[in-house]
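Participant: For reference, the chains in residue letters:
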Amino acid sequence: MDPALLRVRGLRTHFASPEGVVRAVDGVDLVVREGQTLCVVGESGCGKSMTARSILQLVDPPGRIVDGEILFRLGAPAEPRAAAAEHGVVDLARLDPRGRAMRRIRGKEIAMIFQEPMVSLSPVHTIGHQIAENIRTHQDVSKKEARDRAIEELRRVGIPRPEHRVDAYTFQLSGGMRQRAMIAMALACRPKLLIADEPTTALDVTTQAQILELLQELQEQLGMAVMFITHDLGVVAEIADEVAVMYLGLVVEQCGVDELFHDPRHPYTKALLESVPTAGPRAKQRLTTITGSVPHPYHRPKGCPFHTRCRQAIPGECDHKLPPVLATGTADHPGSRAVRCLLYQTPADVAAGVDTLGEVSR
Amino acid sequence: MNDPVSDPASDPVRDPDRDEEIYVAPQYKLVWWRFRRNRLAVAGLVVLGFLYLLAAFCEFWAPHTQDHYRAVYSYAPPQRIHVSFDGGVHFFVYGYKSRPDPETLLRTFTVDRSTRVPLRFFPRGETYQLWGLFGTDRHFFGPVKPGDPMYLFGADEQGRDLFSRLIYGSRISMSVGLVGVFLSLALGVLLGGISGYLGGITDNLIQRFIEFFMSIPTLPLWLGLAAAIPSGWGPITSYFAITIILSLMGWTGLARVVRSRFFQIRSEDYVLAAELDGVRRMRIIRRHMLPAFTSHVIASLTLSIPGMILGETALSFLGLGLQPPVVSWGVLLNDAQNVRVLSTAPWLLLSGAAVVVAVMALNFVGDGLRDAADPYES
Amino acid sequence: MGLYLLRRVLAMVPTVFLVSLVSFTIIQLPPGDFLDTVVANLSQQGQTIEPAQLAALRQRYALDQPMVVQYTTWITNIVTRGDFGQSMLYGKPVSELIGERLPLTLGLGVSVWLFGWAIALPAGIYSAVRKYSLGDYVLTSMAFVGIAVPGFLLALTVAFIQFRYFDKAVGGMFSPEYADAAWNLGKLLDFLDHLWLPVLVLSLGGIGGTIRVLRANLLDELRKPYVVTARSRGLSERRLLVAYPVRVALNPFIATVGWLIPALFDGEVLVSTVLGLETTGPLLLRSLESQDMYLAGSIIFIACVLTVIGTLISDILLVLVDPRVRAGYA
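Chains as they are written, first to last, in my numbering: chain A, 1 to 362; chain B, 1001 to 1378; chain C, 2001 to 2330.
Simulated from the structure, these hints should not be mistaken for lab results.
C-beta: ideal position from N, C-alpha, C; glycine also.
Don't take each hint at face value.
Said to hold, decoys possible - What follows is a set of in silico ranges between Cβ atoms, one per label pair, in the way DEER data are often shown:
| no. | chain 1 | residue 1 | chain 2 | residue 2 | range |
| --- | --- | --- | --- | --- | --- |
| 1 | A | 94 | B | 1287 | 51 to 59 angstroms |
| 2 | C | 2237 | A | 139 | 17 to 25 angstroms |
| 3 | B | 1028 | A | 321 | 41 to 49 angstroms |
| 4 | A | 145 | C | 2242 | 17 to 25 angstroms |
Assemble the whole structure, with the sequences as input and the hints as a guide.
Facilitator: The structure is reproduced here in structure tokens:
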């Protein structure tokens, strides 16, 4: 049994400007399961970050969630600390972004870490102050206690001499240390879900590996779920349990990590995988790129957004009809997968990997 | 960031032809397109254009010359222009009835509805030399009969027309800022450029020097210097002396802007690329660096003109700047120093209104330029 | 920190030296030395001065010596004895004249500063947080007007309105009946009644500028990722605003507190002249008009020195509030 902790259905986040509406997120469906890692992958501008921000209602105006549900399960059965009143499923999209209910979820139930720790942390406060503030926002503890907890948290994320570093400012730390401090801050209240928005993109490869390892370790220790946003398929292979592939504000495919790499269904996923350089027997081949470029956000194609670049696009179909979600099995079942593509007509086609043209994929 | 709004590709344009146009447009066009979107700045630009046009041809626009006086109309109040429609459109003002106040000996004026002073476009009036080139007696607007009283903004103590004097004053007041700013620019660009280009000890020395200048209260120093101008100097000489004094304090800000932009641009990758390509130093500065900061410098220039105008007004208001018979807005305000005079002739404050309008227009334009200065940003 | 302070104070010395040179130059600008002016003035009034007395004065201020000696004598007299020279206009020592008026100037400055910030800081924050709201438009337009209207013009206008419509003569800091009275409640109220107009007029331009700069700074800060991070941790909007972006956006203001002093001397000359306040501004103006150069030069010198001290205070404050700067010197 691996029930959904977070379920996003038909989420739409739009930016209205005098020149037109940018549909940054336009009908996202995805599921994050308790204790598991979901990687969200896609090219720049596909709406990954906006999806993540929409979940915590952190979209700045003129951006606005215009439609959809963000169902988050409060107080899991395994968690005795949750009061009975807090049990049940809440639709985050319906909460007031400035209200108490939303604020109680931010940082306590769902925490978030960001790409650039240097600019994502306050330049004028010590990291200890920021961690303690986080603890005191959600728990009734004394200042002294909060500070001691902050030191503990810093030790947990592997910062050496935490009792000194607790009084350091962000600009006094190295990039890796800053990211560790941000993780400590995010996890201080033991959230059930950590949203990581490209947390390793700005780091060098060695540090990147260390941070990924740390995240996996902490996830095991604390039993939280992670929604990890990245454009790096190498990172996906390393940490993901499941993967959601996004293209132009839409999740085109969600499946387990093995299915993704060995048995992809959506033409975009396939194209994405082919564009990754590989070592081994095929290494001498010319690297395939996806033809064309991501359309301008004001010129969002009708129908399936990928049809302008898709090798298997069906003329007269893909440019008219938005493909529905085809899901195999029950969505809560771990082995299930979901695809948005007109090459498949029934969930059975998806399961079998047989598309309408009669070809068996790969 | 994946935020599509901040995506550089998301320039709010849909028409592909227009896209093409944007990619090849020269920088000044891009700046202009962005400037145009700021409505306040455009309004400011229109007002400024109007003011400078007024200043350039002030003899023509003004119904009277600046020194034309008629003592009987001492402190005559402003008149309203009326229009009558019988037999074509006619403009006229009512005449004055006046009698001397037995106590103050000042005349009090009332509107005399029985006499009409007809007005027309391009009437004959006093003769003047336009730009010292050719003489004429045609004015833009005025009474049909040259001797008739027309005081749209009222009269001063000697019965001179404030409206005409305001128009004349615009020439000095608006040009003091321009001339002063160009002197400032020369000093600022020279020292700022040297500072930014050489760096090191020279930069440090110049910076300390600038900081020193900035730490001096401007007005007392202006006053001190202005007081030292010999009273025997003619109007032209003292005009230039005043502008030099004004620009002496104004250049520091500009020098700072130039220097910091210079440093910023010098570390840009495209400058490095040009250096690595073996482009000569002067060419890098001319072709690669100058275009990147002219717009910023123009914006700061515009924003420092108001300070000059206000400075001249303050000095002349205190009687330490330009002296009559030269007419500037500050000199005109000098008449309004006394509350008692003001209560007789509140319209003397109108020259202050002119200063406010000019300063606001310049601020709007400068702000608009500053925002538009970097067309490749966001 | 102590070391930094010491370095900063030492760095002031050359600046003060330069400032004193400028002031001395201004004293020397009019032709002839100041005793010539005194003699000319006295003889105009049909009086003469004893040659012995003249010689004594000439020696005291080293007027017959080369410029360098004159300067050294002048600055030594100031530093060692607080002797700024003699005002020939008032026939009193300059130090006494300035001592009478400087407290009022500084008091006015402090009131202007407190009042200005009390109005401008909340207004600027409001304007940035409620961007493009009606209140924002009203405040920003008022800020624009505040910048464009010269203080003395506003003073004139208000003085005119009070005179014409309320039949109240504006001028001075006290009504005649309280001028020489000892301090009591009535005198205090009378003082406040006279204080509000100059304070309002003098702070207006500063308020306009502060609102605009604070709004721009704060808008920049509000866009920064650390604000989103703080929000993602569940902080309330109010706490979030005050604890983070406002603090950062205020730093430049704290850093330029010292610049308020030159601004005060700038604005005060005109406004005090118009409103007839007994501050240093009108004194400077009068001394310049009658070429009472020791008085004029001294006022300019004192204004400059106060500005230098103000800059020092700013720098120290900036170190205290901004850890980035502090770390740079740690």
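Participant: Tell me the hint numbers this structure goes against, listed in increasing order.
Facilitator: Structure breaks no hint.
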